[in-house]
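Guided by the hints, dock chain R onto chain U, whose structure is given.
These protein sequences, in sequence, are chains U and R. According to our numbering, the residues represented by the first sequence are 68 to 365, in order. According to our numbering, the residues represented by the second sequence are 68 to 365, in order.
Any given hint could turn out to be false.
For chains that are exact copies, the list does not tell them apart, and a pair is met inside one copy or across any two.
[To be verified] Below, computed lysine to any residue pairings styled on SDA-like, alpha-carbon distance capped at 20 Å:
no.: 1; residue 1: K144; residue 2: G199
no.: 2; residue 1: K293; residue 2: E303
no.: 3; residue 1: K265; residue 2: L134
no.: 4; residue 1: K249; residue 2: E207
no.: 5; residue 1: K126; residue 2: S197
no.: 6; residue 1: K293; residue 2: V226
Quick caveat, the hints were computed from the structure, so don't treat them as lab data.
Number of protein chains: 2
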Amino acid sequence: MTYCVGLCLKDGLVFLSDTRTNAGVDQIGTFRKMSLFQNKDRFFTLLSAGNLAITQSVKEILLQGQLFKGKNLWTAKNSYEAAVVVGDAIKQVYAQDHLALEKAGIDFNCNMIFGGQVKGEKPRLFNIYSAGNFIEATPETCYFQIGESKYGKPILDRVLNFNTPLNLATKCALISMDSTLKSNISVGLPLDMLVYEKNSLKATKLVTLDDANPYFAMIHQAWGEKLREAFNSIAEPSWSGAHKSSDISTPAKKMGMVPIIHPPSKAKSPRVTPITKTTPAKKIAKKVAPKKVTVKKK
Amino acid sequence: MTYCVGLCLKDGLVFLSDTRTNAGVDQIGTFRKMSLFQNKDRFFTLLSAGNLAITQSVKEILLQGQLFKGKNLWTAKNSYEAAVVVGDAIKQVYAQDHLALEKAGIDFNCNMIFGGQVKGEKPRLFNIYSAGNFIEATPETCYFQIGESKYGKPILDRVLNFNTPLNLATKCALISMDSTLKSNISVGLPLDMLVYEKNSLKATKLVTLDDANPYFAMIHQAWGEKLREAFNSIAEPSWSGAHKSSDISTPAKKMGMVPIIHPPSKAKSPRVTPITKTTPAKKIAKKVAPKKVTVKKK
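In isolation and in its complexed conformation, chain U is listed as follows:
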């Protein structure tokens, strides 16, 4: 699998990708998923996920500068036109391979994050699908993920917004990647990271990180510790209702508790003890943890 994330922020763009590929657990490989295209008046980054044979073909077409309706990445007037070129390259690979893939029972699977800047425009970021169509990031939804995206989504949702400075966003992307690496072995080091500063039209901050990178090693260790500290600093639930702020025994308003099923008596239908929503919380609490209530009375 793969994990790639692209951020489109006020001050520029951040791209991060892993390099692990796999076709079953016994065919693990290392392939780059980041490609960079630069000329005087433009800078583009492409991150790819999906079937490697497809994504490599797409990349090769772009690299060769093939024209689609007279356009390629070097001649597109703006980032939108460049995204259309990438989409057209995907459509060409589809036309070439999809019948054979269908016969082999393989999905045409190809997801890309494409972003950059053409002089005179602001930086832009696109999520391009297998069909070659795409959506663009906005200040409200300023990031895209492809591949194994779920493990690393919560941290992005918690701390990231359009105004996040690039250096903080870099940290956020790396934590998102670290969470993914920890929970999914199909995503692996090294990582390719690019921080693109608005209007620079070049790869201002580009690095390939492995486990010996001081910053990533620090993130890897510190984030786990900080997370455990944060976890420990939150109060434990109080089942007795003794601590109001951490009382977990308050029943829901619109739904009673889970009924308990007892064995059917004498081959009749099973006996169910419904606990209705009108059961007072205190009564349940007492029933549940009588010892704690006693302690409280002291």
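Relative to chain U, chain R alone:
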């Protein structure tokens, strides 16, 4: 979708499930995914994910106490036999429905977490698959998730182990659920939560939580804040190499940086600037952030 998690720990079992079901975004429903079975000598919890028509049928078969090779949940000698009964119920629903489902192009999708205790045995936890086969939790791998499991996995991987006390594990399960709720709208409140204390043979701590539950509301607010605090407390990356502990510019050992593709000159093949792994880190750093280096010299 669904998110359910079951933990098998030294002191007992923890179960947590959401109640949202959906068949497309315009068919959202609320159904319980937790069922409880209790008799004098046994206590079982079943959490279910997948096709609701399938999981409800399985539950009904268990509720009716139907015998499989002379056994049901009430007569199984131990938790393993009880898990076999649940598996047999799934196989029966499969036999009944799979042809019709296949014709409709619908997968036979049914995943269950089943756990509990039979007097004389320790508490046990199983993950039962669509085929009715299952695996059991061990001290090394002490939790199972079903449904939308990825968002909530990182926190479990970071803080949970077999010796975690039940009250801490309860907090951990709720944070795992909160992360899932925040990032995926197909998982929703209320939540059914059961903390089963070893050898109690009953639902000692059982509650249904909605957004008015003081503890869950606190978790929901505090976790986001603590996470942001933890995030802010980690150093930002240093691209200049000025701060060794947070130096992000150190190149990887076995892989050079991403090459930058330039446009082909005079219709020849595209020009690629490879940045080899031998490029010294300091040289890159200086090129990247000259201002910061200047400041340091002052």
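Consistency of the hints with the structure:
1. In this assembly of identical chains, K144 and G199 lie within 20 Å of each other by CA distance solely inside one copy; the values are 19 Å within and 58 Å between copies.
2. In this assembly of identical chains, the alpha carbons of K293 and E303 lie at most 20 Å apart whether taken from the same copy (18 Å) or from different copies (15 Å).
3. Taking the closest pair of Cα atoms, K265 and L134 never come within 20 Å of each other, the shortest separation being 27 Å inside a single copy and 69 Å across copies.
4. Proximity of K249 and E207 under a CA criterion of 20 Å is satisfied inter-copy only: 16 Å between copies versus 29 Å inside one chain copy.
5. In this assembly of identical chains, the alpha carbons of K126 and S197 lie at most 20 Å apart only when taken from the same copy (14 Å versus 40 Å across copies).
6. Taking the shortest Cα distances, K293 and V226 sit within 20 Å of each other both inside one copy (15 Å) and across copies (11 Å).
In the structure shown, a violation is registered for the earlier hint numbered 3 alone.
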